Amino acid sequence: MTDLTTLTIAGLRDGIARRDFTAREVAEAYNIAVAAARMLNAYTVETPEDALAAADAADAGQATGSLAGIPLGIKDLFATSGVETTAGSRILTGFKPRYESTVTANLRRAGAGMLGKLNMDEFAMGSSNETSAYGPVISPWKRNDGGNAALTPGGSSGGSAAAVAARIAPGVTGTDTGGSIRQPAAFTGICGIKPTYGRCSRWGIVSFASSLDQAGPMARDVRDCAILLEAMAGFDPKDSTSLDLPVPQWEAHLSSDLKGKRVGIPREYRIDSVPAEINALWDQGIQWLRDAGAEPVEISLPHTKYALPTYYIIAPAEASSNLARYDGVRYGLREEGVKTLDDMYAATRAAGFGAEVKRRIMIGTYVLSAGFYDAYFTKAQRVRSLIKQDFARAFEACDLILTPTAPSAAFGIGETTDPLAMYLNDVFAVPASLAGLPAMSVPGGLDGQGLPLGLHIIGRELDEQTVLNAGLAIEERAGFAARPEKWW
Amino acid sequence: MSVDTKQVRHIAKLARIAMSDEEVEAMVPELNNILSWVEQLGEVNTDGVEPLTAVIDNKLRLREDKVTDGDCRDDILANAPGAQHGFFAVPKVIE
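These protein sequence lines are chains A and B, in that order. For the first sequence, this note's numbering assigns the number 1 to the initial residue and increments by one for each residue that follows. For the second sequence, this note's numbering assigns the number 1 to the initial residue and increments by one for each residue that follows.
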C-alpha cells in the first residue's frame with residue numbers, strides 16, 4: 001500500500017471518497033509519523049485521539065465536509081478547547097482555553113481532525129522559531145555540504161512549516177503578521193498563503209498586532225492551500241474586522257492560464273545584497289509566468305525601504321497593548337512571593353516573557369508613550385498610508401506582483417543573533433502585510449547549498465484567486481519535487 | 001532620539017516588567033539600535049497624509065442590542081492562577 005503520508009490533502013480526500021483507504025488509516029499513519037519525529041520539536045502537544053475521532057466520524061459517514069477525516073496540525077496561536085494553547089510562551093504555561101478559535105472551529109466543521117499543536121516563535125515574534133519557550137524547531141532540511149548544522153525552518157510559523165516539509169502533517173494552519181507564513185514556507189520548500197486581511201476571523205487567535213494578524217494555510221501544494229483556505233475563511237460577527245463577504249470557490253476556479261494578466265515586477269525589490277541565486281530565481285519566475293500567458297511590466301513601489309521600520313513601530317505598539325493582558329491574574333503564569341499587586345504584575349511578566357517579546361513590548365511602550373506618540377506611531381501610520389497607496393497605484397498597471405519571498409535561504413540555528421539582522425528576513429513580506437493584501441509563497445527551486453527558495457506573489461485585495469492561479473502556474477513549471485532526506 | 005538607563009527604567013515600569021540593573025544596562029543599546037533605525041521614517045514627507053486606520057475598508061457593524069455573553073463565570077475562572085468564591089484572587093491591594 002502507498003505510504004499515506006506521501007499524498008496531498010486532495011489525494012487523501014479523493015482516496016477516502018473512493019474507499020482506497022480509510023480516514024482511520026490516514027490518521028494512524030500520521031500519528032505514527034508525528035511520534036517518530038519528536039527530535040524536530042515541531043509539535044508542542046500531540047493529540048492523536050483527536051485525529052482518530054475525526055477520522056472515525058468520516059469513515060462512519062457522520063462527517064461529510066471538504067476535509068472529512070483529514071488530520072491537520074494547528075499552530076499553537078489558535079485557541080483549541082481543552083488543549084493547551086501557549087503561543088510558544090512561558091507566560092501561558094498550562095492555559096487550556098474553554099473555547100475554540102473560529103478558524104479551527106471552521107476546520108472542524110469541515111470534518112478535519114487535529115494531530116497536535118505546532119511550535120512557534122513566542123507570540124509569533126520571530127523569524128527563526130528560536131524565541132519559543134519550548135526551544136527551536138529543527139528544520140528537516142540540511143545543507144548539502146556534508147556538515148550536519150541544524151537549520152531553522154523560519155518563523156514564526158516554524159513548527160507548521162517543518163511539519164508539512166517533514167510529512168508529519170498534510171496541511172497546517174499558520175498566521176502571518178509580517179511574513180510568518182510566507183518566510184517559513186519558503187525556507188522549507190512548501191506553499192503558504194496569507195489571505196486579504198479580514199478573510200479569516202482573528203477570534204480565538206492569540207493577538208500579536210491586531211491590524212496585521214491574519215491566519216492562513218500552509219501545505220504541500222497550491223491546490224491544498226486553496227482547499228484549506230476555503231474551509232478556514234468566512235465572516236465572523238465575533239471579529240469586528242472580519243469581512244462580511246462570501247467565501248469564493250478558490251479550488252474549483254484554479255487555473256494556471258494567466259493570459260491577459262500583467263505581472264508587476266517592483267524595481268525596489270532588486271537588492272544588491274541579496275544572493276545572486278535569489279535574483280536569478282526571480283528572473284526564472286518572471287519567465288514561468290510569461291510562459292503561462294502573463295505579461296511582465298516593471299512597476300515602482302517607492303516606499304518599500306520604509307516598510308520594515310514602519311512595521312517595527314506599528315507591530316510592537318500593538319503588541320505592547322495586546323500583551324498587557326498577561327498580568328498573572330486571569331490565566332497562565334503567576335509569580336508568587338512578592339508583596340504588592342504591582343510587584344506581582346512586574347515579576348510575572350519578567351519571568352513569563354522571553355527576551356524578544358520584552359524588547360518589543362519596551363519599543364511599543366516607548367513609541368506610544370506621552371511625548372513620543374506622534375513622532376513615532378502617528379508618523380508610522382502615515383507612512384503606512386503611503387505604502388498602501390504605492391500598491392494601489394501599482395495595481396493600476398498590473399494584476400499581480402512577483403518578488404522573491406525572503407532575502408536568503410534557511411540559516412543555521414544560532415547564526416543570526418542581532419535583532420535588526422533578524423528583522424531583515426521579512427523585507428519582501430512586510431509591505432503586503434502593511435497593505436492587508438493577499439500574498440503567497442511557492443517553492444521555486446534549490447540554491448547551491450541544496451536549500452529551498454520561494455517565490456512570492458502579491459495580489460489585489462480580495463483577489464486570492466489570481467494569487468493562487470499564479471502560484472499554480474509557477475508550481476507546474478518549477479516542478480519542485482525536492483524533499484529533505486529523512487534523518488530524524 | 002535615544003534612551004538612557006533612566007528612561008529604560010521608566011518604560012519598564014510603564015510596561016510592568018521587572019528588570020535588574022544589568023538588564024536595564026543591556027536594554028539601552030538594544031533599544032537605541034532599533035530606534036535609530038526606525039528614525040529613517042523622518043526622511044519621508046508625510047505632509048497632508050492621513051494616518052492609516054483601517055487597512056481594508058470595512059464598516060464597524062452594530063449588533064442587536066441584547067446580551068450575548070455572560071453566564072460563563074466558571075469557564076472564565078477555570079484558568080486563573082488564583083480564584084476564590086467566584087472571583088479572581090490577587091495579592092492584597094489595600095493594607
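Incorrect hints may have been included.
Have a look at the derived ranges for each label pair, beta carbon to beta carbon [claimed, not checked]: (1) N58(B) x D257(A): 28 to 36 Å; (2) F88(B) x L254(A): 14 to 22 Å; (3) A17(A) x C72(B): 35 to 43 Å.
Straight-line Cα separation of at most 27 Å, DSS-like style, residue types lysine-lysine; simulated pairs [said to hold, decoys possible]: (4) K13(B) x K339(A); (5) K339(A) x K6(B); (6) K13(B) x K238(A); (7) K261(A) x K388(A); (8) K305(A) x K238(A); (9) K92(B) x K339(A); (10) K92(B) x K238(A); (11) K13(B) x K66(B); (12) K388(A) x K59(B); (13) K486(A) x K142(A).
Here are some chain B residues pointing at chain A (derived, C-beta under 10 Å) [unchecked claim]: (14) E25; (15) M27; (16) V38; (17) E50; (18) D71; (19) A80.
Since the hints were made in silico from the structure, they are not lab data. If you're wondering where the values come from, they're calculated on a predicted model, not measured in any experiment. Here a beta-carbon is modelled for each residue, glycine too, at the ideal position from N, C-alpha and C.
Each hint, compared with the structure:
1. Distance hint for N58(B) and D257(A): a CB-CB separation of about 32 Å, consistent with the stated range 28 to 36 Å.
2. Taking 14 to 22 Å as the suggested C-beta distance range, the pair F88(B) and L254(A) does not conform, at roughly 50 Å.
3. Distance hint for A17(A) and C72(B): a CB-CB separation of about 39 Å, consistent with the stated range 35 to 43 Å.
4. With a C-alpha separation of about 16 Å, the suggested pairing of K13(B) with K339(A) holds against the 27 Å cut-off.
5. Using a Cα cut-off of 27 Å, the hinted pair K339(A) and K6(B) holds, with the two alpha carbons roughly 24 Å apart.
6. With a C-alpha separation of about 33 Å, the suggested pair K13(B) and K238(A) falls outside the 27 Å cut-off, and the hint is violated.
7. Restraint check for K261(A) and K388(A): the C-alpha separation of about 21 Å stays at or below 27 Å, so the hint holds.
8. For the suggested pair K305(A) and K238(A), the alpha carbons sit about 35 Å apart, so the restraint of at most 27 Å is broken.
9. Simply put, K92(B) and K339(A) have alpha-carbon atoms about 8 Å apart, close enough for the 27 Å limit, and the pair holds.
10. Of the supplied pair hints, the one linking K92(B) and K238(A) is violated, its CA atoms being roughly 35 Å apart against a limit of 27 Å.
11. Pair hint K13(B) plus K66(B) does not hold up; C-alpha atoms about 39 Å apart against a cutoff of 27 Å.
12. Between K388(A) and K59(B) the alpha-carbon distance is near 19 Å, which keeps this suggested pair within the 27 Å criterion.
13. With a C-alpha separation of about 10 Å, the suggested pairing of K486(A) with K142(A) holds against the 27 Å cut-off.
14. Annotation: E25(B) was flagged as interfacial toward chain A, and the flag is violated, the nearest CB pair being 14 Å apart, outside 10 Å.
15. Nearest Cβ of chain A to the Cβ of M27(B): about 7 Å, under the 10 Å cut. The hint holds.
16. For the restraint placing V38(B) at the interface with chain A, the shortest Cβ-Cβ distance is roughly 4 Å, inside the 10 Å limit, so the hint holds.
17. For the restraint placing E50(B) at the interface with chain A, the shortest Cβ-Cβ distance is roughly 6 Å, inside the 10 Å limit, so the hint holds.
18. With a least beta-carbon distance of about 13 Å to chain A, the hint placing D71(B) at the interface is violated under the 10 Å criterion.
19. Given the 10 Å rule on beta carbons, the hint for A80(B) holds: about 6 Å separates it from the nearest Cβ of chain A.
Consistency with the previously given hints fails for numbers 2, 6, 8, 10, 11, 14 and 18, ordered from lowest to highest.
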